[in-house]
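K.L.:
For reference, the chains in residue letters:
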Amino acid sequence: MIVGDLSIDDWQHRMTRGVVVRIGPFTVRMTVRLREVADAMYLLYRDYPIQPEPIVLDFDVAALPISWWGRGPRMAALYFDGVRKFDPIEREQALPMFQWLLNWCIFTHPHQYLILHSAVVARDDMAAVLPGMPGAGKSTLCTALVHGGGWRLLSDEVALVTPSTGLITPAPLPIGLKEESIPVIAATYPHARMGPSVRGTRKGTVVHIATPASSMAAASEAGGGQAQPRWIIFPEYHAGARVQLEPAPRANAFMTIAADAFNYSLLGATGYETLANVVDACHCFNLQYSQLDDAIAVFDQLASQASSAASSSAGSLTGSPTGSGDAPHSTSRGRP
Amino acid sequence: MSSPATTAPVRWRVACPGDLRGRSWDGVSVVHHVPSGDTQLLNALAAATLQRIAAGAIGVEALVEAACKDQPAQPRADIDRQVRTLLAELADVGIIEPDA
Amino acid sequence: MNNPRHLLLQVLRDPRRMSQLDAPACNELLRQARMSKLVARLGYLAQDVGILDAIPPKMAEQMLAARAVSDQHARIVGWEVNRIGKALAGVDTPVVLLKGAAYLLAGMDVARGRLVTDVDILVPADRLGQVESALVAHGWESMKVDPYDQRYYRAWMHELPPMQHTQRHSVLDVHHTILPVTGRLSPDPQLLLAAARTINPTHDAYLALDTQLKQSQPAIQVLAPADMVIHAAVHMFQDGELAGAVRDLADIAAMVHQFDGDASFWERLVPRAEALGLQRPLYYALASAVELLGTEVPESVMRTLGPARPIWPLRRLMALLVARALVPQPTLRNDLAASTARLALYIRSHWLRMPPGMLARHLYEKAIRRWRSEPET
Numbered sequence: 001m002i003v004g005d006l007s008i009d010d011w012q013h014r015m016t017r018g019v020v021v022r023i024g025p026f027t028v029r030m031t032v033r034l035r036e037v038a039d040a041m042y043l044l045y046r047d048y049p050i051q052p053e054p055i056v057l058d059f060d061v062a063a064l065p066i067s068w069w070g071r072g073p074r075m076a077a078l079y080f081d082g083v084r085k086f087d088p089i090e091r092e093q094a095l096p097m098f099q100w101l102l103n104w105c106i107f108t109h110p111h112q113y114l115i116l117h118s119a120v121v122a123r124d125d126m127a128a129v130l131p132g133m134p135g136a137g138k139s140t141l142c143t144a145l146v147h148g149g150g151w152r153l154l155s156d157e158v159a160l161v162t163p164s165t166g167l168i169t170p171a172p173l174p175i176g177l178k179e180e181s182i183p184v185i186a187a188t189y190p191h192a193r194m195g196p197s198v199r200g201t202r203k204g205t206v207v208h209i210a211t212p213a214s215s216m217a218a219a220s221e222a223g224g225g226q227a228q229p230r231w232i233i234f235p236e237y238h239a240g241a242r243v244q245l246e247p248a249p250r251a252n253a254f255m256t257i258a259a260d261a262f263n264y265s266l267l268g269a270t271g272y273e274t275l276a277n278v279v280d281a282c283h284c285f286n287l288q289y290s291q292l293d294d295a296i297a298v299f300d301q302l303a304s305q306a307s308s309a310a311s312s313s314a315g316s317l318t319g320s321p322t323g324s325g326d327a328p329h330s331t332s333r334g335r336p
Numbered sequence: 337m338s339s340p341a342t343t344a345p346v347r348w349r350v351a352c353p354g355d356l357r358g359r360s361w362d363g364v365s366v367v368h369h370v371p372s373g374d375t376q377l378l379n380a381l382a383a384a385t386l387q388r389i390a391a392g393a394i395g396v397e398a399l400v401e402a403a404c405k406d407q408p409a410q411p412r413a414d415i416d417r418q419v420r421t422l423l424a425e426l427a428d429v430g431i432i433e434p435d436a
Numbered sequence: 437m438n439n440p441r442h443l444l445l446q447v448l449r450d451p452r453r454m455s456q457l458d459a460p461a462c463n464e465l466l467r468q469a470r471m472s473k474l475v476a477r478l479g480y481l482a483q484d485v486g487i488l489d490a491i492p493p494k495m496a497e498q499m500l501a502a503r504a505v506s507d508q509h510a511r512i513v514g515w516e517v518n519r520i521g522k523a524l525a526g527v528d529t530p531v532v533l534l535k536g537a538a539y540l541l542a543g544m545d546v547a548r549g550r551l552v553t554d555v556d557i558l559v560p561a562d563r564l565g566q567v568e569s570a571l572v573a574h575g576w577e578s579m580k581v582d583p584y585d586q587r588y589y590r591a592w593m594h595e596l597p598p599m600q601h602t603q604r605h606s607v608l609d610v611h612h613t614i615l616p617v618t619g620r621l622s623p624d625p626q627l628l629l630a631a632a633r634t635i636n637p638t639h640d641a642y643l644a645l646d647t648q649l650k651q652s653q654p655a656i657q658v659l660a661p662a663d664m665v666i667h668a669a670v671h672m673f674q675d676g677e678l679a680g681a682v683r684d685l686a687d688i689a690a691m692v693h694q695f696d697g698d699a700s701f702w703e704r705l706v707p708r709a710e711a712l713g714l715q716r717p718l719y720y721a722l723a724s725a726v727e728l729l730g731t732e733v734p735e736s737v738m739r740t741l742g743p744a745r746p747i748w749p750l751r752r753l754m755a756l757l758v759a760r761a762l763v764p765q766p767t768l769r770n771d772l773a774a775s776t777a778r779l780a781l782y783i784r785s786h787w788l789r790m791p792p793g794m795l796a797r798h799l800y801e802k803a804i805r806r807w808r809s810e811p812e813t
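Chains as they are written, first to last, in this note's numbering: chain A, 1 to 336; chain B, 337 to 436; chain C, 437 to 813.
For the record, the hints were derived by calculation from the structure and aren't laboratory data.
Quick caveat, the model's predicted, so the values are computed rather than measured.
Accuracy of the hints is not assured; some may be wrong.
25 Å max Cα-Cα, derived BS3-like pairs, lysine-lysine [said to hold, decoys possible]:
#	chain 1	residue 1	chain 2	residue 2
1	C	K494	C	K473
2	A	K85	A	K178
3	A	K203	A	K178
4	A	K85	C	K473
5	A	K203	A	K85
6	C	K494	A	K85
Based on the provided sequences and hints, a complete structural model is requested.
P.N.:
Here it is, written out as C-alpha cells:
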C-alpha cells in the first residue's frame, strides 16, 4: 500500500496518530498534527509505501502544534524519539523544518553506511554522485535529471555507501528547491508535483518536489534499487556558460568529499577504504553548465558510453567524453 | 649516512607503521593514519618521502638526497625546504616521530 | 518490573529477553537505550549471549550502527592518551586515567560500546602546575576564560578548568582529587594514587607507543579495582547529572561482574570505602544495582555497609528517586514527577559538594550569568 491509496481524510486522520512510511531502507513513523503539513505531505509522499504496524522503527518523528497562552496556534514543535528537537518554530515553517528533521535522521544515525553529503541519481544500476557544494545548483540539476532526463533519484542529500559492497542504497526524500530555481523548474517540468512554497526560511523561499513514482518503484525492488557509483560530478551553474565537462583530479575529489561527509571521520579506516573504493570506481569530472538540457545531454552521453563499453568488452573500459583516458582501472594503487 | 658531519642528526620514523594506508591517483596520494584518524593529501615528493620513512628510520639529509634524485630538475634548496616543512607537519599531527 | 518504562533495566538484567520482544517493545527499548546512550552496549550484550541473530534485524542493525560511534570514541581516546603521554614525558608524575579512558585502556568489558566524550586524569596536587604547563606547551588550552569560572574551578572544584586541544578539539579534565575539596566527603587522593596500578595496555593506539618511549614516559595507570567501583559510585551520585544514570549504574554492574571472580575484591571493597570515607555513595550504588539490575553482591558486603545506610525515610526516598530518575522519560509526555525527582537529586548532590553558603552563591551567580547572556528573542 502506498500513501496515495488512502483518501486524504484517511491520511489526515492517520497522521494525527502516526503512520509508518518506508523511505529507502528506513521505517519512519511520522505523527503530524498540523493539518496543512499533512496535506502537503499527502502530495509529496504519494508514492511512498506505508508499512503496517507493528514494525521495528528506524526513526520516530512528530510535528505538533504548541498551544500556549494565545501565542499557541502559530507555533509548532518537532520531536524525535518523543523528545523535542530544535526550538519551537513558526507554524508556517513547519513543513520545511519537518523535511529537514527527516534529513537529519538520515544524516546522523545509520552508520552502517558511509554517509556522503551528495545528491545521487542513477541510470539502471549506474550511479552518478553529485557532491553538495552550496550554491552549485545540485538540487536544480538533480530535479532536471529526474524529471526531464530519465534518471532515477537515489537521494537529493546523501549517498549511503555500504562498506562491504561499495554500492549506494537509495533513500529519496522530496527534493527541496530554493528561490530562483523554483520558477525555472515549474516552467520546464510542469508535470513535477510541487508542494506549497514557504517564504522566510533560513534558505529564503523553498518548495519541495514530490519524488516521482519511477524512482520509488526502483527503491522498492529486491536489492532496494542499489546502484554502483560510476561517476563523481561536481556541478557548477554559471549563467550564460557553455556546457563543459572536464576531468577532475581524483585525490582532490576524495578530500573534498571526505571533508563534507557526515561520518567519514567516525568510520575511521572503514570510511577511508570505502571512499577510496568509490573514487577508484568512478570517473571524476567538473561540470559547468547554464542550460539544464545541455547538462542532461552530458549525463546521457556518459551513461550510453558506459553501457556500450560494458556490452562490447567488459575489461577495456577506457575513454571519457573529453578523451582524457581517465579510466577507473588505470590508476596506480599502493601503500606509500 | 650521506652527511656524517651534521651534529645530532634526527632520524624520523612512522609512529605506528602498521596503521598507515595510502592510495594514489595520477601522482597525488591520499594517506590515512588510522590511530590519529588523520587523512592527508600528498604530492609525489611528499608521498615518496613518507614511503621512505615507512621503510625504516631515516634522517632529513638522506630524504632530501633521495628526493633530489627523483626530481633532478628542481633546485636542491626548494626540495630541502619542502622536505623539512613536510616533516614538521607530519610530526605535528603525530604520523611521524623522532627515532630515539 | 513489568512496567514498559523499566524495559531497559529488564534487558540489562537479562539480555536474553531481547530475543523475545515484539516490535513495539523493541521500539521502546531502543528509545530508552538511545536516551541512556546504551544502544551499542545492548549490541554487545546480545552478542555475548549469542542472540544477535535472533533479535529483529532492524534492531541489530541499529546496535551495530551505534557501535561505529563507540569504536570512534575508543580510537580517539586511545590516541589522546598516547598524546598526553608524549606531552607529559618530561614531567616526573604518575598519570592515573579515570572513568571511560581507564576502562578502555585497561581493556575492561565495561568499555565495550561505551561512549567517552572526554579524558579524565588524576595527578598529585603538587604536580598540577607542571602538568598544566606541559599540556599548554603541547597545544592544550583552558576552555574557561570567564574569571568567575576560572575561580570556581580552581578554588572549589577538584580539577583544573577543562582543557581543550587547539588542533584536535578533544577535552581533557585534569583532577587532583576525585571530589571537590570543600565537599563534606573528602577522600584522600594519596590513597588512590598509592594503590593505582600500571596498566597492561591492550588498546591498539596505546600499543603504538614504542617500547623505548614508553620507558621515558610517565607510567599510565588506572585506579585499583575497588577504587574504580567506589569512584564510579561517587560519580553517579555526586556529579549532579542523573539524567544518564542508567548508563552509570550499568557501568557499576559490569565492573562488579568483572571483578566478582577475584575474592580479594570483595574483601577490600568495604574497608576501602571506609578508609576513603565513601561508604554512603557505595551503598547507594550497590543497593541500586542489586535492586534494579539484579547485580549479585555478597550479603556480607551489604551487611557491613549497613551502618552507611541513611535512616529509613531517607532510604525509601532515595529508592524512589533513583527508580524515577534512572529511567528516562520522554518529554512528549512530559512526566513532571520525574523531572522533579531529578532536580531534587541535583540540589542534593551540589549540597554534598559545597558548604551551604557557597552553594547559594554558586547557584545565584550561575543564574545571574545565565540571565545576562540570554539572547534577546
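K.L.:
State for each hint whether it applies.
P.N.:
Hint check results:
no.	hint	verdict
1	C/K494 x C/K473	holds (18 Å)
2	A/K85 x A/K178	holds (24 Å)
3	A/K203 x A/K178	holds (7 Å)
4	A/K85 x C/K473	holds (17 Å)
5	A/K203 x A/K85	holds (19 Å)
6	C/K494 x A/K85	holds (24 Å)
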